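Chemist: Protein sequences appear in the order of chains A and B.
Everything in the first sequence is counted per this note's numbering, starting at 137 for the first residue and increasing by one.
Everything in the second sequence is counted per this note's numbering, starting at 18 for the first residue and increasing by one.
There are no misleading hints in this set.
Subject to a maximum C-alpha distance of 30 angstroms in a straight line, what follows is the list of computed DSS-like cross-link-like pairs (lysine-lysine):
| hint | chain 1 | residue 1 | chain 2 | residue 2 |
| --- | --- | --- | --- | --- |
| 1 | A | LYS176 | B | LYS87 |
| 2 | A | LYS158 | B | LYS53 |
| 3 | B | LYS53 | A | LYS207 |
Partner residues aside, some chain A positions facing chain B, computed with beta carbon under 8 angstroms:
| hint | residue |
| --- | --- |
| 4 | LYS177 |
| 5 | PHE178 |
| 6 | LEU179 |
| 7 | SER184 |
| 8 | ILE192 |
| 9 | PHE226 |
| 10 | PHE233 |
| 11 | SER234 |
| 12 | GLU236 |
| 13 | TYR238 |
| 14 | PHE239 |
| 15 | GLY240 |
| 16 | PRO241 |
| 17 | GLY242 |
Every beta carbon over 10 angstroms from chain B, so not counted as near; a handful from chain A, in silico:
| hint | residue |
| --- | --- |
| 18 | VAL148 |
| 19 | LEU163 |
| 20 | SER201 |
| 21 | ASN215 |
FYI, nobody ran anything at the bench for these hints, they're computed from the structure.
These numbers were taken from a predicted model, which means no experiment stands behind them.
Glycine is no exception: its CB is placed at the ideal position from the N, C-alpha and C atoms.
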Amino acid sequence: DTAVSQTPKYLVTQMGNDKSIKCEQNLGHDTMYWYKQDSKKFLKIMFSYNNKELIINETVPNRFSPKSPDKAHLNLHINSLELGDSAVYFCASSRDFSYEQYFGPGTRLTVT
Amino acid sequence: GQQLNQSPQSMFIQEGEDVSMNCTSSSIFNTWLWYKQDPGEGPVLLIALYKAGELTSNGRLTAQFGITRKDSFLNISASIPSDVGIYFCAGSPNTGNQFYFGTGTSLTVIP
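Turn these sequences into a full structure, and let the hints guide you.
Modeler: Structure, rendered in structure tokens:
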């Protein structure tokens with residue numbers, strides 16, 4: 137059983153397009169996250185949701201908009217994609233803040 | 018945001034050797050986590066530490082929560098080829114706070 141799943145695994149698109157990445161967790165966790173991993177492998181938190189409410193919103197362009205329809209899902213919508221958005225995006229979940237986070241398999245976004 | 022420093026940045030070792038890596042922070046943390054990331058995959062949790070001085074093992078892996086609460090260590094004994102990957106530490110300063118991730122240690126095991 138997959139604990140944290142993301143779709144799609146790969147996403148190739150052109151500059152200026154709008155795209156979404158979906159995330160689902162079946163662990164019954166209350167907190168979900170989006171991370172961006174750049175080419176140097178740095179993991180940087182973008183957003184955190186707790187019980188469907190936005191808790192953390194790091195310095196991320198407002199072209200990025202997370203949406204949590206329920207506790208088990210946290211989707212990431214990106215408008216007007218730019219070359220610099222190319223990265224691997226990871227969804228994660230945890231029971232609550234400060235508890236272990238479990239990561240999804242990642243979505244490799246390539247903007248051409 | 019805060020970023021933890023991991024050392025070394027990369028390691029190339031012979032199969033069978035032991036490995037040591039560490040993670041340091043400028044501030045005190047109450048929880049430390051260690052993850053391993055295989056190529057093309059998401060980070061997988063290896064060990065979680067909750068108490069200063071705590072030593073926890075998971076098979077050939079052993080991690081320690083530093084006494085100062087500003088560092089943590091991960092050791093891998095008798096390395097094997099499948100240990101290859103990037104190892105990340107993560108720390109949280111307080112209950113209810115987010116985790117900050119380290120810069121990663123890339124491990125290569127030469128058969």
